Amino acid sequence: MKLISEINDLKRLDDFLTALSGSLAIEIGSWSRIAHQYLANWGVQVTEKNRDWIKKCAARAFFKEWSASSDKANRAIEMAIGEAKLDIGNEGLNTQLGEMVARILKSMHDGKRIFTIYDLGSGDGDTILAVLDALDLYEDTQRIAPYCNLRLLEPGSQRLKVAEERISEHSLYHSLADRPVYLCGSYDYFESDVGKGAVDIFISNAVLHHFPFPDHFHVIREKLAEDGVMVTGDWHNTIFSHPAFVVPLLEAVGGSPEVINEFRNRFGIKEGDRKQLEARLTPRQKACHVGFIDFQRALSIRLREIKEKLCMIECLETFEDRVNHIKDAGFETRGDVLRKGHPGFRNVDDNKKLVFPDNDLAGVVAVGKIPPPKKTIPDAHKPKGRMLARA
Amino acid sequence: MKATAQTVRGDGSASGTNGDHDGPATSLAEIEKLNQALITVTQGLPVCIGSVYKVDSLSYPNWGFAVTEDNIDAIRRQAEFYYNKDYAERRLNGNIEYLLKTDFTVTHEKRMTEFVAVTIREMMRSRDNGKREFHICDVPARDGHLSAAIAHALRRDSDTEGMLSRTVFHLVDISWQKLDKAQETLRQFGAKSEKCPISDEALFRQLDAGNYDLIVTLGHLHHKPLLVEYLKELNRILTDDGALVIADWHSPLCSHPANVLSLLQYLWLEPARLDMFRGIMAEQLAAQKPYLEPDEMHSLMNHILHWKSVMRRISENPSPKMARLYISAAYDTSRQRERKLEDAGFSVDLADVKRAFPKARLPQFSGSTPNIAAKRLVAGSDSATVMAAVKKR
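Chains A and B supply the protein sequences, listed in that same order. Residue 391, in the numbering used here, is where the first sequence stops; the numbers in between run on with no holes. Residue 393, in the numbering used here, is where the second sequence stops; the numbers in between run on with no holes.
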C-alpha cells in the first residue's frame, strides 16, 4: 500500500472513512486517533511536517466525539461493557492502581513530606477514590492521608462535580492535608497547570488511550518531583494496529458486505491477511480482540435502540508498547531497578500488573524517576576532626 | 391501631398469642388491612411505599403490628411474597436497577465490595497451608462482582495468587442469567465456581452443617425482615472456624412511619396522599420516635437524598415502561445488626475475629462501637458498613 503524508490526502482518508461508515451506529471514526506506531499499516506516513497536524486532528476528533456523547450514550456504553463482561476491568484497574499508590506512599512517607497527587482525566472520581480506599484499609496508611494533596483535572464539569461530592463523603476526606483541587479542563490545561517538579505522584486511569503520540509522558516527567512516580492504568488492544483486524469489528457492528468490501479495497486487505497477521499475535493479544468485538457488538445494538452514534477508533496499543513509550520518555520502568533505587518501590513486588490472567486488555504500570544519589563529600576532601578542632 | 410497647425478639418470634388488648395488631386480617391501606397511598406512582411486611420485624410495633407464634409463618410468607414480586419486577424491567444506581450507592457499593474482598483475602491468607481448598459462598451472587473482587484481590498479591486455584466460589442466586454472567466474570480471573440457582433460604435448608469456610453477602440482608433466623442458618452452614463477612446498607428510614413521612414530604408527594398516610399512621406518628444517634441521623439523611436522586433519574429518563420502585425494606442500624448477629450465635468482637485469624493482616475496622469488627465507609454516617463475624465458641 502506498503511504500518504500530504495533509490533503490525509483529509481525504478521513472523508472516506466517514462516508463509508456514516450509516452505522458505530462509525469507524478518524484514523488520526490510531496510535502513531500503527499508522503505516493504515497507509499513513508520519513526518515532521504532518505530525502536529495529526495530533491536532486527533484531539479535534476526540473532542467532537466527547462533546457529542450524551448521558444516554454513556449509559449505553456502561451497559455494553457489562454485556461484554468487561465491567470488572475498570474496577480492577482502579483497585490495582489504588493499591500500588498506597504501597508507594507508605514507603515514601516520612512524616513531613506533603504529597501532591495529580489525577489526569479524573472522571467522576473513581481513581482517586480507589487510592483513598486503599489508604483507608490500614491504620498505618490511614495516617498518610493528612500528607496528601489531591488535584483532579477533568474536562466534564458535571463529572467533576460528582467527583467532588463523592470524595467529600469519603471517610478519609476530613483527614486530607487540604481540600482537593478540582480543575475543569482538558490535557492542554495540565500542560500549563503545575510547574516543573510540582507533582509527587501522577495517576491516570483509562485516559491515555486517547493520545496517539506519547509526547505527554515527557511533560508528565517534567512536572514530577526528582523522585516522582507515575501510576497509570489503561485498556490495551492491538485491534487497530492493522485495518485487517477491523474487518470483523465492522461485521460485528452491522457493516454490510458492500461497506466491508470497500474498506478492504481501500486498504488492500486480501483474503487470509488477517489470519497471517493474527499468527504474529500472542494468545493474550488475540483474546483482547474478542473482548473488544463483543463490546462493540453490544454497544451498536444499544446505540441503535436509542438512535445515537459513536466512533470505534481509539489510540489503543499493546501493554508492551505503552511501557516502551514510558521508558523512552526517561522513566525507569524496570521493577527490580525501581525496587533497589527508588524509595517508593521497596514494597512493590511487581510494578506491571495485568488485571486478567488470560488477556492483556487491562493493565496498570507504576514507574518512577530514580532520584540522583545524594551528594556526598569524598573522604579525601572531608575536613579532619582534629583540623576542625584546631581551627 | 395501637402501638403500645411490646417486646418482639430480634428473630420476630414473640412471647405469645395476642388477645384482646391495646397493643399492636396481631391478627392477619388487621395487618393485611394496614398493608393494603399503605400500598394505596402511593398507588400509581413510580416510587411507592411498598409492603409493610418487608420492614425489619423489630420495627413492626412502630408500624402498629407485631409478630406472634400464630402469625409468624404467615408474615414470613407475605414478606417473601412481596420480596419475590419486587424482584420479578426488577428482572422484567432492567430500568429499575439503573434508576437505583445513584452516585451514592455506586460509590459505596464499590467501596464495600473492595473492603470485603481484602478482608476475605486476609482471612484466607491466615488459614492457608499451601494445600487447603477454600469454599466461599456468595449470597446473592448477582453478576458475580463481589466474588470477582475477591478473586482479583487474591491475584493482586503474589503471596495469595496461588490460593485462587484452590478456591471454589459457590454462587447463590435465583437468576440463571445472572449466575451465567457471574460464572463468566469469575472465569476471566481463572476462578472456579459453582452455580446454585435457587433461593438462598431453599438452598440453606438442603445443606448440611459446616458447608462453607466463608460466607459473603453484599447489600442483601436488609431484605430479611426476620433476620435473626436467617443468620442462624448462615451460622449453621458455616464451618466451625468459618467467618461471615457482611456488607450492607443501614438506615433507620423504615424503622418508623415518621421517617417515611419525612421522605414522602421530601419527594413532594401530593398533600392528599400525605394526609392519607397521616390518617393511617395517626397513632404511630403521635407516639415518640425512637432516639437516633448522630451517625444514624446522618444515614437517614443519606437515604432520603438517595431517593431524591432516584426521583431525579426517573424524571430525566422517561421510559414507556414505568418502573415501580419500593421504599420499604428491612433496613436496620449497624448497632441493631451487631445485636442480631450476637443473637444468632456469632461474635462480632474484633478480638474474637483476630483470634480466629491470627496470621491475617485484617483491614482496619472502625465501627460505631469500639472493638467491634465493623467498618463504616461513609464519613460520620452509618449508611454503608462492612461487618465480620465468627462463630461464638
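Treat the hints as calculated values from the structure; they're not laboratory data. Be aware that a few hints might be false.
With a straight-line cut-off of 25 Å between C-alpha atoms, the simulated SDA-like cross-links for lysine to any residue are [claimed, not checked]:
(1) B/Lys178 <-> A/Ile293
(2) B/Lys359 <-> A/Gln142
(3) A/Lys286 <-> B/Arg127
(4) B/Lys392 <-> B/Asn95
(5) A/Lys340 <-> A/Val323
(6) B/Lys359 <-> A/Asn347
(7) A/Lys286 <-> B/Ser366
(8) B/Lys354 <-> B/Ser366
(9) B/Lys101 <-> A/Glu164
(10) B/Lys101 <-> A/Glu165
(11) B/Lys110 <-> A/Ile144
(12) A/Lys161 <-> A/Glu139
(13) A/Lys196 <-> A/Glu308
(14) B/Lys359 <-> A/Asp140
(15) A/Lys161 <-> B/Val106
(16) B/Lys308 <-> B/Leu269
(17) B/Lys110 <-> B/Ala360
(18) B/Lys101 <-> A/Lys11
(19) A/Lys72 <-> B/Lys110
(20) A/Lys307 <-> A/Pro146
(21) B/Lys359 <-> A/Lys309
(22) A/Lys161 <-> B/Lys101
(23) B/Lys195 <-> A/Ile81
(24) B/Lys101 <-> A/Ile306
(25) A/Lys309 <-> B/Ser315
(26) B/Lys354 <-> A/Glu139
(27) B/Lys178 <-> A/Gln142
(28) B/Lys110 <-> A/Ala61
(29) A/Lys286 <-> B/Ser165
(30) A/Lys106 <-> B/Thr160
(31) B/Lys110 <-> A/Lys307
(32) A/Lys307 <-> B/Glu97
(33) A/Lys309 <-> B/Asp180
(34) B/Lys101 <-> A/Glu78
(35) A/Lys352 <-> B/Gly162
Here chain B is said to cover these stretches of chain A; the calculated rule only asks that three of the stretch's residues, wherever they fall, bring their Cβ under 8 Å from a Cβ of chain B [what the hints assert, rightly or not]:
(36) 75-89
(37) 328-341
This one's a predicted model, so the numbers in the text were calculated from it and none came from an experiment. Cβ coordinates follow ideal geometry from the N, Cα and C atoms, glycine included.
Consistency of the hints with the structure:
1. B/Lys178 <-> A/Ile293: holds, 22 Å
2. B/Lys359 <-> A/Gln142: This hinted pair holds, its Cα atoms lying about 21 Å apart.
3. A/Lys286 <-> B/Arg127: violated, 38 Å
4. B/Lys392 <-> B/Asn95: violated, 42 Å
5. A/Lys340 <-> A/Val323: holds, 19 Å
6. B/Lys359 <-> A/Asn347: Distance of about 19 Å is within 25 Å: holds.
7. A/Lys286 <-> B/Ser366: Violated - the C-alpha atoms of serine 366 of chain B and lysine 286 of chain A are around 45 Å apart, more than 25 Å.
8. B/Lys354 <-> B/Ser366: holds, 14 Å
9. B/Lys101 <-> A/Glu164: Roughly 18 Å separates the two Cα atoms, so the pair holds.
10. B/Lys101 <-> A/Glu165: Distance of about 15 Å is within 25 Å: holds.
11. B/Lys110 <-> A/Ile144: holds, 22 Å
12. A/Lys161 <-> A/Glu139: Distance ~29 Å between lysine 161 of chain A and glutamate 139 of chain A Cα, so the pair is violated.
13. A/Lys196 <-> A/Glu308: Violated, at about 42 Å.
14. B/Lys359 <-> A/Asp140: holds, 18 Å
15. A/Lys161 <-> B/Val106: holds, 15 Å
16. B/Lys308 <-> B/Leu269: holds, 12 Å
17. B/Lys110 <-> B/Ala360: The given pair, whose Cα atoms are some 22 Å apart, holds under the 25 Å limit.
18. B/Lys101 <-> A/Lys11: Violated, because 43 Å separates the two Cα atoms, which is more than 25 Å.
19. A/Lys72 <-> B/Lys110: holds, 23 Å
20. A/Lys307 <-> A/Pro146: Between lysine 307 of chain A and proline 146 of chain A the Cα gap is close to 48 Å, so the pair fails against 25 Å, i.e. violated.
21. B/Lys359 <-> A/Lys309: violated, 53 Å
22. A/Lys161 <-> B/Lys101: At roughly 17 Å apart (the allowed maximum being 25 Å), lysine 101 of chain B and lysine 161 of chain A satisfy the hint.
23. B/Lys195 <-> A/Ile81: Cα-Cα ~23 Å, so holds.
24. B/Lys101 <-> A/Ile306: OK: lysine 101 of chain B and isoleucine 306 of chain A at ~20 Å, within 25 Å.
25. A/Lys309 <-> B/Ser315: Given pair lysine 309 of chain A, serine 315 of chain B holds - Cα atoms ~23 Å apart, limit 25 Å.
26. B/Lys354 <-> A/Glu139: holds, 15 Å
27. B/Lys178 <-> A/Gln142: violated, 36 Å
28. B/Lys110 <-> A/Ala61: violated, 33 Å
29. A/Lys286 <-> B/Ser165: Between lysine 286 of chain A and serine 165 of chain B the Cα gap is close to 24 Å, so the pair holds against 25 Å.
30. A/Lys106 <-> B/Thr160: Roughly 21 Å between the alpha carbons, so the hint for lysine 106 of chain A and threonine 160 of chain B holds.
31. B/Lys110 <-> A/Lys307: It is violated: about 31 Å lies between the C-alpha atoms, which goes past 25 Å.
32. A/Lys307 <-> B/Glu97: holds, 22 Å
33. A/Lys309 <-> B/Asp180: At roughly 30 Å apart (the allowed maximum being 25 Å), aspartate 180 of chain B and lysine 309 of chain A break the hint.
34. B/Lys101 <-> A/Glu78: holds, 12 Å
35. A/Lys352 <-> B/Gly162: holds, 18 Å
36. 75-89: holds (count 5)
37. 328-341: violated (count 0)
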